[in-house]
Amino acid sequence: MPAPEQFRLIFKHIDEPGYTNDLACYVRNGGYEVLRKSVARKPEEIVDEVKKSGLRGRGGAGFPCGVKWTLLDRKSGKPIYLVVNADESEPGTFKDRYIIHNDPHQLIEGIMITCFANKVERAYIYIRGEFPEGARILEKAIAEARAANFCGPNILGTAYGCEIYVHRGAGAYICGEETGLIESIEGKRPYPRIKPPYFPAVLGLYQCPTIVNNVETLCHVKHIADRGGDAYSRIGTPNNTGTRILCVSGHVQRPGYYEFEVGKITMGQLLFDVCGGPLPGRTFKAVIPGGSSAKVLKFGERYKGKRKSGGEMVDYDWGLEDIPMDFDSLAMIGSMGGSGGVIVMDDSVSMVEALANINAFYSHESCGQCTPCREGSLWMKKITSRMVHGDARAEDGALLKSVADQIAGRTICAFGEACAWPTQSFIAKFGDEFKAYPESKKAPRPAAAIELV
Amino acid sequence: MNLRADTLAKIDEVIPHYPVKRSAALPLLHLVQEDQGFISTEAVEWIAAKLGIQPINVYELVTFYPMFRQKPIGRRHIKVCRTLSCAIMGGYRTCAEFQKQFGTGLGEVSPDGEVTVEFVECLASCGTAPVVMIDDHLHEKVDAAKARELSEKIKAEAKTGNR
Numbered sequence: 001m002p003a004p005e006q007f008r009l010i011f012k013h014i015d016e017p018g019y020t021n022d023l024a025c026y027v028r029n030g031g032y033e034v035l036r037k038s039v040a041r042k043p044e045e046i047v048d049e050v051k052k053s054g055l056r057g058r059g060g061a062g063f064p065c066g067v068k069w070t071l072l073d074r075k076s077g078k079p080i081y082l083v084v085n086a087d088e089s090e091p092g093t094f095k096d097r098y099i100i101h102n103d104p105h106q107l108i109e110g111i112m113i114t115c116f117a118n119k120v121e122r123a124y125i126y127i128r129g130e131f132p133e134g135a136r137i138l139e140k141a142i143a144e145a146r147a148a149n150f151c152g153p154n155i156l157g158t159a160y161g162c163e164i165y166v167h168r169g170a171g172a173y174i175c176g177e178e179t180g181l182i183e184s185i186e187g188k189r190p191y192p193r194i195k196p197p198y199f200p201a202v203l204g205l206y207q208c209p210t211i212v213n214n215v216e217t218l219c220h221v222k223h224i225a226d227r228g229g230d231a232y233s234r235i236g237t238p239n240n241t242g243t244r245i246l247c248v249s250g251h252v253q254r255p256g257y258y259e260f261e262v263g264k265i266t267m268g269q270l271l272f273d274v275c276g277g278p279l280p281g282r283t284f285k286a287v288i289p290g291g292s293s294a295k296v297l298k299f300g301e302r303y304k305g306k307r308k309s310g311g312e313m314v315d316y317d318w319g320l321e322d323i324p325m326d327f328d329s330l331a332m333i334g335s336m337g338g339s340g341g342v343i344v345m346d347d348s349v350s351m352v353e354a355l356a357n358i359n360a361f362y363s364h365e366s367c368g369q370c371t372p373c374r375e376g377s378l379w380m381k382k383i384t385s386r387m388v389h390g391d392a393r394a395e396d397g398a399l400l401k402s403v404a405d406q407i408a409g410r411t412i413c414a415f416g417e418a419c420a421w422p423t424q425s426f427i428a429k430f431g432d433e434f435k436a437y438p439e440s441k442k443a444p445r446p447a448a449a450i451e452l453v
Numbered sequence: 001m002n003l004r005a006d007t008l009a010k011i012d013e014v015i016p017h018y019p020v021k022r023s024a025a026l027p028l029l030h031l032v033q034e035d036q037g038f039i040s041t042e043a044v045e046w047i048a049a050k051l052g053i054q055p056i057n058v059y060e061l062v063t064f065y066p067m068f069r070q071k072p073i074g075r076r077h078i079k080v081c082r083t084l085s086c087a088i089m090g091g092y093r094t095c096a097e098f099q100k101q102f103g104t105g106l107g108e109v110s111p112d113g114e115v116t117v118e119f120v121e122c123l124a125s126c127g128t129a130p131v132v133m134i135d136d137h138l139h140e141k142v143d144a145a146k147a148r149e150l151s152e153k154i155k156a157e158a159k160t161g162n163r
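Chains A and B, in that order, give the protein sequences. First residue of the first sequence? That's 1 in this note's numbering, and the numbers climb one at a time after it. First residue of the second sequence? That's 1 in this note's numbering, and the numbers climb one at a time after it.
Chain A extracted, bound-state conformation:
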């Protein structure tokens, strides 16, 4: 079956010739009309629309956005904050970059609708430090929106007002974790907080109720407020509603960003039809479907089990190519949709060396607060690095697994899982390659082989 057409909701204008990131262009294209309609409604109605929409967070965990908002402590008497997670850092993910650089007002409109719905009067956009240009673009866009009365005090002639500020990170991946991000805005080291009690919805920024949402998620809120929750929920598939931006990188003919209805496209359609298949003379070997912490999938393996379909349980027997690109299907086969970053590796890649590269990342980015993660990620890096640059041993795979197995579930935040899953899945799927690595190193390295660590 050929791939479906892209459904460009969030990225509607991203590659449009002549579309610029200034207010005038956005307004010419109908911008801020949804905000205008929204502020004439009751805030609770907008929260209901988002609940009905079934929108799931696009940052990584896929948590239902409406539920997140419902958990907010609205009776504390303390101010409520919105924190926009624009710390896009999960390797393989590059969607927020284009929203911020090319269509910042779409994000600001989504922020303002969200703030109005949740009675938030101050929002912070936490943008990663490596987007200095993006931060300047956002600051300019906020100033434009403020001058046009779309944010700031008494927006659009109402009694409601909200200020948006840009806060730049400084190169630490852990700031993408919502409680680490909050600590970072508070001017501290971004050590994630323990939950309970520090659920952001209750004890978030400055110990006040706080919503933390991803950039893409907030853009969806605008379209939900526009179309209505029911209509939005008919885009995509049940429990996996809306559209999703899939970022494809690595060894395909046409890497890039593609927006599809969630669950309407399979991995095979995405990689072969949309991205043009493998590079000349190569074959696909492995794919990481949701950012580098998602468990790796191997071409040629099959996934079997039972799944829900229209209220009943049916058997499924999928090859990697048959997997629908949605939250539930990818979780069902033991990986995750995560942040939508699809990293493709072909037969030129040594899985030992690829894992060594990933382990170096997680070891560098562990905040160091919890011993299993700090030490575990470091030792996984040291072992894989030794395998590549020093002596490799046939039993290294088992050793790596023994380290990884002691991290997940023993840390304050999900980084423990994020750093353990690559090692666990690489060993589970490509264990033979790890065993054979010491032997394979004796052969001269091909001149074309690329260094990964």
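Rather than coming from a laboratory, the hints here were simulated on the basis of the structure. This structure is a prediction, so every number in the text was calculated from the model and none was measured. For each residue, glycine too, the CB sits at the ideal point set by N, CA and C. Among the clues, some could well be false.
To be verified - The list that follows gives simulated cross-link-like pairs (lysine-lysine, DSBU-like), each with its CA atoms no further than 30 Å apart:
1. A:K442 / B:K100
2. B:K21 / A:K78
3. B:K141 / A:K295
4. A:K382 / B:K100
5. B:K21 / A:K382
6. A:K140 / B:K50
7. A:K12 / A:K119
8. B:K141 / A:K298
9. A:K140 / B:K21
10. A:K188 / B:K21
11. B:K21 / A:K75
12. A:K140 / B:K141
13. A:K188 / B:K71
14. A:K195 / B:K21
Unchecked claim - Computed footprint of chain B on chain A; a stretch qualifies when at least three of its residues, placed anywhere within it, have a C-beta under 8 Å from a C-beta of chain B:
15. 242 to 252
16. 340 to 350
Fit chain B to the known structure of chain A by using the hints.
Just chain B now, with coordinates in the frame of chain A:
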């Protein structure tokens, strides 16, 4: 501390963005580093005094966040992405080429003082790998040949003082 007037103005502008002054520590570190090139001990103490916090509260940020540095770097900062998507598309070759072009090791200031070449983790532009940031600007699909081109351009700009 000898900060430029515009830096001081930006500092005074940013502090009231937050209900708690300490929150402005990161923005102030960015502003001071942009002004001075790096974060000195004097800068740590100055920021702490400005925000009414202890110097250790600022110092612990400098040592944690990778973008802050305690030593000067070259006039131009070349940051090559090291992470998986860039690496499998040749990021290590790109980095080696920059080092060769300027005769410098990783993280060092080149002998002519012109550049510092560094490996950094994911720059979130994986679809156009390998990517490199030179100062604030992102360059896409930088293979070894493009790295040579960019190096030549930096060298030419250094000669004319035009950058």
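Here's how the hints hold up against the structure:
1. A:K442 / B:K100: Within the cut-off at roughly 29 Å; holds.
2. B:K21 / A:K78: Judged against 30 Å, a Cα distance of about 18 Å means the pair holds.
3. B:K141 / A:K295: The hint holds at about 27 Å.
4. A:K382 / B:K100: Judged against 30 Å, a Cα distance of about 27 Å means the pair holds.
5. B:K21 / A:K382: Violated. K21 of chain B to K382 of chain A sits at ~40 Å, over the 30 Å cutoff.
6. A:K140 / B:K50: 27 Å, holds
7. A:K12 / A:K119: Satisfied, since the Cα-Cα distance of roughly 29 Å is no more than 30 Å.
8. B:K141 / A:K298: 27 Å, holds
9. A:K140 / B:K21: 24 Å, holds
10. A:K188 / B:K21: OK: K188 of chain A and K21 of chain B at ~12 Å, within 30 Å.
11. B:K21 / A:K75: Holds, because 26 Å separates the two Cα atoms, which is no more than 30 Å.
12. A:K140 / B:K141: This hinted pair holds, its Cα atoms lying about 28 Å apart.
13. A:K188 / B:K71: 22 Å, holds
14. A:K195 / B:K21: 26 Å, holds
15. 242 to 252: holds (count 5)
16. 340 to 350: holds (count 4)
The structure is inconsistent with hint 5 alone, although it conforms to all the rest.
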